[in-house]
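Chains as they are written, first to last, in my numbering: chain W, 2 to 338; chain G, 2 to 338.
Identical copies carry no separate label here, and so any pair may be met within one copy or between two of them.
Cross-link-like lysine-lysine pairs, in silico, DSSO-like; alpha carbons within 27 Å at most:
{"no.": "1", "residue 1": "Lys279", "residue 2": "Lys175"}
{"no.": "2", "residue 1": "Lys279", "residue 2": "Lys186"}
{"no.": "3", "residue 1": "Lys279", "residue 2": "Lys300"}
{"no.": "4", "residue 1": "Lys279", "residue 2": "Lys165"}
{"no.": "5", "residue 1": "Lys175", "residue 2": "Lys165"}
Think of the hints as simulated: they come from the structure by calculation, not from any bench.
Protein chains: 2
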Amino acid sequence: MKKYTVAILGASGAVGNAMLSALEERNFPIKELRLLASERSAGKKMMFCGNEIEIQKAESNSFIGCDLVLGAADNSISKQFAHDIQKANALYIDNSSAFRLDDHVPLVVPEINGEDVLNHHGIIANPNCSTIIGCIAVYAIHKINPIQSMIVSTYQAVSGAGIKGMEEYQNQLKDVYEGHPSSPKAFDYQIVGNLIPQIGSFLDNGFTSEEMKMQNEGRKILHNPHLFVNCTCVRVPVLRSHSLSMTLHLKNTYDLDEIKKALSHAKGCQLVDDPQNKLYPMPLDTSNQDNVYVGRLRKDLCNDHSLTLWCCGDQIRKGAAVNAIQIAEKCIELQCL
Amino acid sequence: MKKYTVAILGASGAVGNAMLSALEERNFPIKELRLLASERSAGKKMMFCGNEIEIQKAESNSFIGCDLVLGAADNSISKQFAHDIQKANALYIDNSSAFRLDDHVPLVVPEINGEDVLNHHGIIANPNCSTIIGCIAVYAIHKINPIQSMIVSTYQAVSGAGIKGMEEYQNQLKDVYEGHPSSPKAFDYQIVGNLIPQIGSFLDNGFTSEEMKMQNEGRKILHNPHLFVNCTCVRVPVLRSHSLSMTLHLKNTYDLDEIKKALSHAKGCQLVDDPQNKLYPMPLDTSNQDNVYVGRLRKDLCNDHSLTLWCCGDQIRKGAAVNAIQIAEKCIELQCL
Numbered sequence: 002m003k004k005y006t007v008a009i010l011g012a013s014g015a016v017g018n019a020m021l022s023a024l025e026e027r028n029f030p031i032k033e034l035r036l037l038a039s040e041r042s043a044g045k046k047m048m049f050c051g052n053e054i055e056i057q058k059a060e061s062n063s064f065i066g067c068d069l070v071l072g073a074a075d076n077s078i079s080k081q082f083a084h085d086i087q088k089a090n091a092l093y094i095d096n097s098s099a100f101r102l103d104d105h106v107p108l109v110v111p112e113i114n115g116e117d118v119l120n121h122h123g124i125i126a127n128p129n130c131s132t133i134i135g136c137i138a139v140y141a142i143h144k145i146n147p148i149q150s151m152i153v154s155t156y157q158a159v160s161g162a163g164i165k166g167m168e169e170y171q172n173q174l175k176d177v178y179e180g181h182p183s184s185p186k187a188f189d190y191q192i193v194g195n196l197i198p199q200i201g202s203f204l205d206n207g208f209t210s211e212e213m214k215m216q217n218e219g220r221k222i223l224h225n226p227h228l229f230v231n232c233t234c235v236r237v238p239v240l241r242s243h244s245l246s247m248t249l250h251l252k253n254t255y256d257l258d259e260i261k262k263a264l265s266h267a268k269g270c271q272l273v274d275d276p277q278n279k280l281y282p283m284p285l286d287t288s289n290q291d292n293v294y295v296g297r298l299r300k301d302l303c304n305d306h307s308l309t310l311w312c313c314g315d316q317i318r319k320g321a322a323v324n325a326i327q328i329a330e331k332c333i334e335l336q337c338l
Numbered sequence: 002m003k004k005y006t007v008a009i010l011g012a013s014g015a016v017g018n019a020m021l022s023a024l025e026e027r028n029f030p031i032k033e034l035r036l037l038a039s040e041r042s043a044g045k046k047m048m049f050c051g052n053e054i055e056i057q058k059a060e061s062n063s064f065i066g067c068d069l070v071l072g073a074a075d076n077s078i079s080k081q082f083a084h085d086i087q088k089a090n091a092l093y094i095d096n097s098s099a100f101r102l103d104d105h106v107p108l109v110v111p112e113i114n115g116e117d118v119l120n121h122h123g124i125i126a127n128p129n130c131s132t133i134i135g136c137i138a139v140y141a142i143h144k145i146n147p148i149q150s151m152i153v154s155t156y157q158a159v160s161g162a163g164i165k166g167m168e169e170y171q172n173q174l175k176d177v178y179e180g181h182p183s184s185p186k187a188f189d190y191q192i193v194g195n196l197i198p199q200i201g202s203f204l205d206n207g208f209t210s211e212e213m214k215m216q217n218e219g220r221k222i223l224h225n226p227h228l229f230v231n232c233t234c235v236r237v238p239v240l241r242s243h244s245l246s247m248t249l250h251l252k253n254t255y256d257l258d259e260i261k262k263a264l265s266h267a268k269g270c271q272l273v274d275d276p277q278n279k280l281y282p283m284p285l286d287t288s289n290q291d292n293v294y295v296g297r298l299r300k301d302l303c304n305d306h307s308l309t310l311w312c313c314g315d316q317i318r319k320g321a322a323v324n325a326i327q328i329a330e331k332c333i334e335l336q337c338l
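Excised from the complex, chain W in its bound form (with noise of 0.2 Å):
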């Protein structure tokens, strides 16, 4: 079997953190491992499969001899590198938004459109976090009856803002606790105890880059160009387990056991739905995992075509690490890497 030389550029972020612990966990097939992030980690040890592994600051020719490289930087690094990347004949699979709406760019979700790496030119774009979750969870009833259009409310994790999200938030909890005054740094209002409206900026609609999200890729991982998507994106004071209340408007009427069967076998789904055993998605019991969870499946009361229901998944695994892993290992299964 061909082993790979791999990269992680931002490998010492929450993303490159998880990227790191799913290729050992999945025992990607491994030449060499390169760790690179800005001047501030280098030097820095990782632990992979028993060995330290130094940080790397990321330059120019940290590239050369690479096959593949996973993305976990933001924006503006993921665009320096990538012509690097390209120039060292390196796969760039990336989680920044840098080149997901890139017509030459496939955006990829292996479970829904894994065959799309196949029209890659260099680069994969691994999908908004939120926008993986709420994709996966609706997938498999999109294949029997369209949808046409989705309402969806999300409850982000702190995770979303990266490992300084995460420390604040701990940090929060304890100075809450004691009646401290907390100063957020991480996000712009205090998020322990309290709900923010806002992730990303404001566009002229009225929406946020974030919401916009779930529109612009959600088209494009479905393949469904006329998705309409209205979403409100709200920050909570959860770890690192994304949640999502959705409502879909779908093609045709349809039978509630008929989608609960189709969510039943719906791969990377799993469907937690027992009301009356009060068993139904919750971050606590999603977090660190790699499937999203479905529940609350409803008839919605205002229209025959619509149905309601609530997920949940790992922001930092599936929303992140663990889905750029699984295309890489698409890539593999389909020659192109």
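Assemble the complex: chain W is given as a structure, and chain G must be docked to it using the hints.
Showing chain G alone in chain W's frame:
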């Protein structure tokens, strides 16, 4: 000015406490105040206008001589004493859900349907907390462009489970920060760092009792018997302000500026909608206040008859105690107390 003999039934709870404060703050014309509760709380003392008042055990004859009883007890206690209160010829303003859907009982949010108090037969019901907050947020819109249906996702504070819910939350902040396991009692699951997508009990249609309140009570408050509300109620780790993400389907298309103008003049409502300056309602800013705060107004991307907004309001005050006192004030104004 006439003064009244007032009793608070369930005085020792979170809502009872807030009723006591609101009576004092609003300078309600009181001749005598009786604090009633279960045997467990009897003998404790509470402060009112500088005087200590001892809580008495609520009994059948506790209401003799009362003009007004403010109910802050649960459904079973409310039903137990309703007849005694009526026999004493007192007006009963009840915060429980026991009588809300009774045809002979007005269900009132004074800013919306205050004149309904005129139809009382001894009982006036105070609506569900999320329903009050949601109805205040949308009423000014409904007046100029009738609401046909709403899709709502709630973010409900722990205060909805009373003092025991608030205490559990506060103690859990410490347990979670220190990494200790937590043993939930007031809630079915840990609430700090988690979300619980169940409030109330499940019905056959897959919705919870709490979720159906916004449709059933909303119809009665808004005098809109054909209103449909598809609601998802979620408990979140926030102390006392409920938040709602709402998408309204209106009878007609609309001008967003006109809607904003109507909301800026709406009674009980405060428009906080300046996204470029990161100003929108948040639980922390809206706690311990009587207005409902509305923001994030924008045109739904799926339908030009639809509008999306975000609102927050204090669950204990406007969501319960203050609304009850405002009902009593309306009865005085309309001379039916």
